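In the order they appear, the protein sequences are chains B and F.
Mapping of the first sequence onto UniProt numbering: position 258 corresponds to residue 258, and the numbering continues sequentially without gaps.
Mapping of the second sequence onto UniProt numbering: position 135 corresponds to residue 135, and the numbering continues sequentially without gaps.
Worth double-checking, as some hints may not be accurate.
Quick look at which bits of chain F chain B covers, simulated, 3 or more residues with Cβ under 8 angstroms [as the list claims (entries may be wrong)]:
(1) 51 to 60
(2) 110 to 124
(3) 318 to 330
Quick partial rundown of chain F residues pointing at chain B, CB under 8 angstroms, derived from the structure [as the list claims (entries may be wrong)]:
(4) PRO47
(5) ALA85
(6) SER89
(7) PRO99
(8) ASP107
(9) SER179
(10) PHE253
(11) GLY257
(12) THR260
(13) THR286
Here are the computed distance ranges between Cβ atoms for each label pair [what the hints assert, rightly or not]:
(14) ALA188(B) <-> GLN30(F): 44 to 52 angstroms
(15) GLY212(F) <-> ARG337(B): 25 to 33 angstroms
(16) ARG26(F) <-> LEU322(B): 55 to 63 angstroms
(17) GLY92(F) <-> PRO67(B): 19 to 27 angstroms
These are computed hints drawn from the structure, not numbers from a lab.
The structure presented is a predicted model; accordingly, all values stated were derived computationally and were not measured.
C-beta atoms are modelled at their ideal positions from N, C-alpha and C, and glycine is treated no differently.
2 protein chains.
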Amino acid sequence: MATMHDVARLARVSVSTVSYVLTGTRPISQATRDKVLAAVAELDYQPNAMARGLASRRSRILGLLMPMDERGLGATETAFVTGAAAAASAGGYHLVLSPVGGGDLDDLRRLASQRMLDGVVLMEVQLADERVTVLQEAGTPLVLIGRTGDTSTLSYVDIDFEQTVREAVAHLVGLGHRSIVYVNHSAATLASGYGPALRTRDAFVAAMAGHGLEPVMIPAEDSAAGGRAALAAAFARAPELTAVLAMNETAIFGILGELTGRGLSVPHDVSVVSMVTSPQVAELATPALTAMTSPGSAMGRIAIEALLRHLDGPGDERHQQLLPCALEVRGSTAVPRRPAQDAPGRSPTDGG
Amino acid sequence: MATMHDVARLARVSVSTVSYVLTGTRPISQATRDKVLAAVAELDYQPNAMARGLASRRSRILGLLMPMDERGLGATETAFVTGAAAAASAGGYHLVLSPVGGGDLDDLRRLASQRMLDGVVLMEVQLADERVTVLQEAGTPLVLIGRTGDTSTLSYVDIDFEQTVREAVAHLVGLGHRSIVYVNHSAATLASGYGPALRTRDAFVAAMAGHGLEPVMIPAEDSAAGGRAALAAAFARAPELTAVLAMNETAIFGILGELTGRGLSVPHDVSVVSMVTSPQVAELATPALTAMTSPGSAMGRIAIEALLRHLDGPGDERHQQLLPCALEVRGSTAVPRRPAQDAPGRSPTDGG
DNA sequence: CTGAAAGCGCTAACAC
DNA sequence: GTGTTAGCGCTTTCAG
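Just need the whole structure built from these sequences, with the hints factored in.
Here it is as structure tokens:
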């Protein structure tokens, strides 16, 4: 394994000159630059990451802290990771994915204190997230995916849940649906302060109110069984429902299963829209799901770019940005077959 | 940020003593050890990873190279990652997940040459995998998940596809199924030399032959549509089929959808077994799928432990191990309703 | 525009 | 059982 010394000797220059050519931190004449690069190529020289990191106090490693629960990483998160990795690579950084679960806060503290990470992107941020505290104490530059309760001081990228819900509701209302049920995450998740669940809940209430409609909301466990139970609850609460808006990517399969089990057809009896969903998952269902597609890879890229700006710049500027999901209409939404139920017996389709 | 120097001064010992206490590389009296540890605690000292790495020529970082394609990480892979991370952590190593796709071989070469990784676990190994070559050239210790074509020289952990298929077939045959169709990955995937697809194919032929049955095999694209198409093809080839064994976790939802679409009930008309599947995915379907559950977290742990042994030991010993998937019976398999078709009109259930 | 040399914070001989 | 010290391979002053 060639060192910088070898390169310097071969090029007949000093080690510092080699270093300056490689890092570009000071002007070098074209002639010596060529000599050095030729030597680098000849020896197939690769700078030693540890030595570079020690001397420069920069590891050129960025951490992406993602929750690795039993559920696995959905296509949405994967797109996110891919976008982030590409952006990091473009900036000359490595991106390491750290599967730190909720429990190992000490592990995170160690990682941060060991100066192994120049900066960190935090996924699945809770409204009150201890990881943020730990990292701030360690002085690690930070960008969030999602938002904590107090959004004022930190940089973040998040989904624009308000607009996303508004669009989804508008799509359904535009098709003629009047009784729309919102299936959220579980009550426990809501109670734990999971931002997306809370924000979409509020947004749904607001969006429905904007159309003069009654918002019906049902929590669901993150499982197919949870989805089935939620749908049963939904029919109990709103027998006339013609559309389901589901925030719960896991429960959606249970919802579809239960619908089929009741002899109801999707989309003709009941339309279904899945929130914050990747095309891959949407295509898994039969029929393919109309969904609000999350801006996965864009979010990853933007988060990393913001982080890199923090590392270079003075660090006092924050980057705060919201991105909406895009409506992609597939086979699970249609004009309701049953007449609108808010005025039973008098709906237009009833008179034809 | 305290350095080892600070600790040494506070404890009134030399830096090397601090180092030896921390690394345990040479005996230290209980008294000085206590002094040192007290100082470490008081200063909240954390060794600098870069400095340690440079001096010891060991980063204490292990890489887990996983393919990040559009599909995302299934629960199976996630379990794997979790098991690996736990094992690495237990050994005092960090585990970084590197989402190097198939394309960025240069990226991989750079990673390896920069001495940032002490060793690497490779997921989703192809029968001919260039990454193996690159890493071997860089002299990076290596453990594979899966096997290359030539299994002789490398350490690997893989699923015992032969036994897994045998068990799955035995389960179905035991229930009374005689016409079983195997839905594999796509023809393109098979042609590309994807080990699991090839090995399970051969194992299926062998297992069916062992029962005196005819193996019918259908390729399927990795999508719900692919699953639907495959099922249609299966009925065209074997109209009497009563069971489907599916290797394709993505297509399985299409298979179920098409079955339902044809008015066939699972499991009474057609039984379905999903191969190498996580409980989470199996529970997503309605009914929940009888599946061969992959030994995800065990494989991750075993792979890392083998890698750690390589790092410490002389390095000439290989670890080669196969783990079978476990049959978990859920709601998608049952005794066939239709009589066995290999002897039409003369089957036992027919005569009753 | 280039070189010499002093570290970065730690490990691991080498002394005693 | 403990201390001294020479590096690990690079970056970055400080000189010129």
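These are the hints, each one checked on the structure:
1. 51 to 60: Result for this restraint: holds, n = 4.
2. 110 to 124: holds (count 6)
3. 318 to 330: violated (count 0)
4. PRO47: holds (7 angstroms)
5. ALA85: Holds - the Cβ of ALA85(F) comes within 8 angstroms of chain B, reaching about 5 angstroms at its closest.
6. SER89: holds (7 angstroms)
7. PRO99: Hint on PRO99(F): holds, closest Cβ of chain B at ~5 angstroms, below 8 angstroms.
8. ASP107: With Cβ-Cβ at 7 angstroms, under 8 angstroms, it holds.
9. SER179: violated (24 angstroms)
10. PHE253: holds (5 angstroms)
11. GLY257: This interface hint holds because 3 angstroms falls under the 8 angstroms limit.
12. THR260: holds (7 angstroms)
13. THR286: holds (3 angstroms)
14. ALA188(B) <-> GLN30(F): 44 to 52 angstroms: holds (48 angstroms)
15. GLY212(F) <-> ARG337(B): 25 to 33 angstroms: Between GLY212(F) and ARG337(B), where Cβ atoms are some 51 angstroms apart, the hint is violated.
16. ARG26(F) <-> LEU322(B): 55 to 63 angstroms: holds (56 angstroms)
17. GLY92(F) <-> PRO67(B): 19 to 27 angstroms: holds (23 angstroms)
Hint compliance for this structure: hints 3, 9 and 15 are not met, and every other hint is.
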